[in-house]
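Start from the sequences and build out the full structure, keeping to the hints where you can.
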Amino acid sequence: MKKLLQSLFVFMLFAISAMAQQRTITGTVTGKEDGLPLPGVSVKIKGTRSGTTTGSDGKYSISVPEATTTLEFTYLGYISQSAAIGGGNSINIALVSESKGLSEVVVVGYQSVKKSDLTSAVSIISGKEVADKPIASFTQLLQGKAAGVQVTAQSGKPGANAFIRMRGTGSLKASSEPLIILDGIAISTTSYNMLNPNDIETINFLKDASATAIYGSRGSNGVVVISTKTGKGSPVLSYSFSYGVANAQKLKNLTLMNAQQKLQYEYEGDYTNPTLDSMIITRSKNGSLPAGSTLFSITPAQRQALWDLAASRGQGDWSKAMLRDNAVTKKHEVSLSGSSDKITYYFSLNKSDNDGVEQESYFNKTGGRLNVEYQAKDWFKLGTNIGVTQSKDNTNRELFNGQALYTAALLLNPYEPLYLPNGAYNYTSLGQNALETAINNPNVSNRIGSFATLYGEAKAFNHLTLRSQLGMNYNTLNQEYYLKPGSYLAQTLGYNQKRDNGNTDFLYVFTNTANWVQTFGGKHTISALVGTEFTKDKFYSFSLTARGFPSSTVNTLENGATPTQATTSRSDYAMISYFASAQYDYDKRYFLSGSLRTDGSSRFGANKRFATFWSVGGAWDIKNESFFHVDEISNLKLRGSVGTSGNNTGIGNYDALGTYAYNVSYNGQPAASPAQIANPDLTWEQNNNWDLGLDFGLLNNRISGSFDYYNRKTANLLYPVNLSLTTGFSTFSGNIGSIKNKGVELSLTGDVIRNKDITWTLYGNYTHNDNKVTGLYNNNVAGDGTNGLGYLDIGRPAFNYFLVQWAGVNPQTGKNEWYDNDGNKTDVWSSKYAKLLDGKSPQIKYYGSFGTTFRYKEFDLGAQFYYSGGNYIYNIMWNVGSSEGESINNQQFTDALNYWKKPGDVVRYANLKDEEQRVTYDSDKYLEKGDYISLRDITLGYTLKQSILQKIHVKGLRVYVQATNLWLGTKFHGNPEVGQSNAEQTSAATQLTVPGFATLYSYPQIKAVTFGVNVKF
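With our numbering applied, the sequence shown corresponds to residues 1242 to 2258, in that order.
Everything labelled a hint here was simulated from the structure, so no lab data went into it.
Mixed in with the good hints there might be a few duds.
As the list claims (entries may be wrong) - Computed cross-link-like contacts, BS3-like style, restricted to lysine-lysine with a CA-CA straight-line distance of at most 30 Å: (1) 2186 <-> 2076; (2) 1954 <-> 1981; (3) 1285 <-> 1561; (4) 1273 <-> 1473; (5) 2013 <-> 2170; (6) 2196 <-> 2186; (7) 1470 <-> 2098; (8) 1491 <-> 1583; (9) 2081 <-> 1493; (10) 1997 <-> 1764.
What the hints assert, rightly or not - Here are the computed distance ranges between Cβ atoms for each label pair: (11) 1851 <-> 1561: 54 to 64 Å; (12) 1291 <-> 1700: 21 to 31 Å; (13) 1298 <-> 1952: 44 to 54 Å; (14) 1999 <-> 2185: 15 to 25 Å.
All figures in this text were calculated on a predicted structure; none of them were measured in a lab.
By construction, the Cβ of each residue, glycine as well, lies at the ideal position given by its N, Cα and C atoms.
What follows is the structure in structure tokens.
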């Protein structure tokens, strides 16, 4: 017993001694510039892994051995700092931020580089700038975020992708979309709306050759590199919810006629509509009108009585029946993130339901993401990034005549009712009822998109890192389009019909790299990377159709009485790549970079399957020179680059091959016929690009920005080449010419006020781009399109307008006049007067954004404007809705009332009673400027004080209200921010190249108000 007590006594002495050798250090970490607490700062005992992180209030507490002398404080974007412990138990630290933007890490060319070390033209935006927005499409969120990046909405459909162009149009037939890389893997355009913006950490826009050449044949049109979130620090559980309502934007500078105006207009145009004819016949039979009466034989009072009755029964503005009031958008999201010494993790789930502003349309999405990285050994780590999204949408189909339902609704007459007296749909004198079509002809799509990367990374030696990564992108689409039994279209066609179609697309990429980085003598830093990459894509599609279903609910294809179509197709392509890059910097003053990549693609001809791309870049950080002593200038860096990249997208997998069609017969026997002529010399489009830029900062970076001048020429343009009909083919795929884009980019940010309680920042960017065709096959003008749209000519922008010039309405005769080839006016239109219109290009010449962010204590306010201009748009809808009598049976806009009535009238529209004027000839009468400015976003938020949050054990809580597309300023008739849906395209090639060169108003743009809350635990 005595020995046991002695042992316990000795143990207690050791325990007390050990406790005496530990002490607790506490403190707060803030930013030196604004005094705000910094959450998530790493606090470690110097020379060890032991440590902690600051909480949301910037406070920390750490137990340290008595012998500890120094603590280290590190935080991304701030200069690391060490502090001696001394004899006290409290250490407060104010970290100094690194030069604004220069500490940002850019993922470029298979590696991460500090922005301060770049020789490239790169724009970086934080994921916070695209999070919590009431727009279902990721691509539309990018608008205005970076200079040189043009984003044009295709339509207001929920989930509709936008067109993206970086530094102009770089192709005529192949895609002009940039390459988008998600966590190291290229993703297809069909995957864009499957991304969850709240999962994004950073988005890097790589614009010049120095940044894009390493991506070889895919980098011609720029590269967008997206990195998703990773965990860091103590566990954080986040929840966000938003609820919004959306309505259609009104068409600018256009007003539909009311029923009385339209009836008067028809009467003055000597037109009588079926609705009035039926009413006159009925009244003639019951004696209310004389037998044989017509609209033009009855008295004005009798005519007005008919008009009043028709107007009282009519729908009025049919587009209102097609549109929802306050379409609802709801989004829930939860995430968990954190890290330890061995593992980092980020997990999220999200669900969003988006009602479209058109009746019956919607886009609903559910998704999840898991990003995990495990440090298995000091020298080895492995990880995975996995994202899966399922979406379902109903897109109102577009009518057989190529009009979207919203377009059709705009053209239905206001005096015709939506429903007949018996409650049935009224199909109107035009044989249409847009609402019935939306309800009885659903077009439902189900998609599943998955993205996954698996990687392992090993430090083979002190300076060498080896990495292997397998990336996969798998997408499926199943689409069902149904002409329900009893629907108007089914009755018109004589049968009901169901079509099921879909596809699967599986892309995988296997990448291996070796990266060596070493510093010599404290001033010379060299990094070199070599790698290989193999890409494989497999695509399969099907389409099945049947007719004669017994009811709208029994609609699986085996229940159709008559199968009518069954087709499938499959294709694949492969690419092998070898690449290398190197960077050198001397004393953070002089920087050099270079890259080389060879790609081989199965898409191109046997003689031209491989191509090599390269770049060279350099930069001079003048601020770091010993002779530079201008304290007001905090950053001054000159950079330049030159190089090449390629384009292999937007063409078929087998365009270079001679192919046969086997779906033919000869003398009743299966046969084959040539389908496509081979071109063994078909090769890559090659982009030759050079860039000169300047990055600058003033007054401790209170003012910062960048300026770039670029010049990019794309040669070997992929385009159909015309053949003699004696060959049996009309065209074959070839490389036919070149196109050039040159321009300037300017970005500016200024902190007007920057202190603990108030921060006020102004920002803006501007891009000017000139586009010009510099070479064509046989140097001839090439027409690609109909009705004078989409023509090519050397020395002019791509896809010009080729039209007769309208000279106005003759005040004496009331006739339209045009300019002939000698510049004289004539009232006889002729196609031989058509010419390529100088200075009226569909290419947008300038665009950009500007805005402000303001914070006062816990309140924050932000606003962003977007502008675009210099382009011309052929306004098809204005043409149809103000048609000088040609489309008098359709609804018309009120400006059509401004027509010629008597000699001396100076008006826009010709004599309505002149039959010769009731023909809309192709001319520039409806060609107008597409300039506009829009208030894109305004947000007001409030963040709860830390003192309150601590009491309720919450790390963060913010509530906000956000308004989108509140105001549009333009002289355009309608909405100038237009892309094209498939039914609107006048030219397939033009749709790829110049989004928005013509418009039918397929689906209205939206304006929305959203309320949201973000909570962190």
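Violating hint indices (sorted, rising): 1, 3, 8, 10
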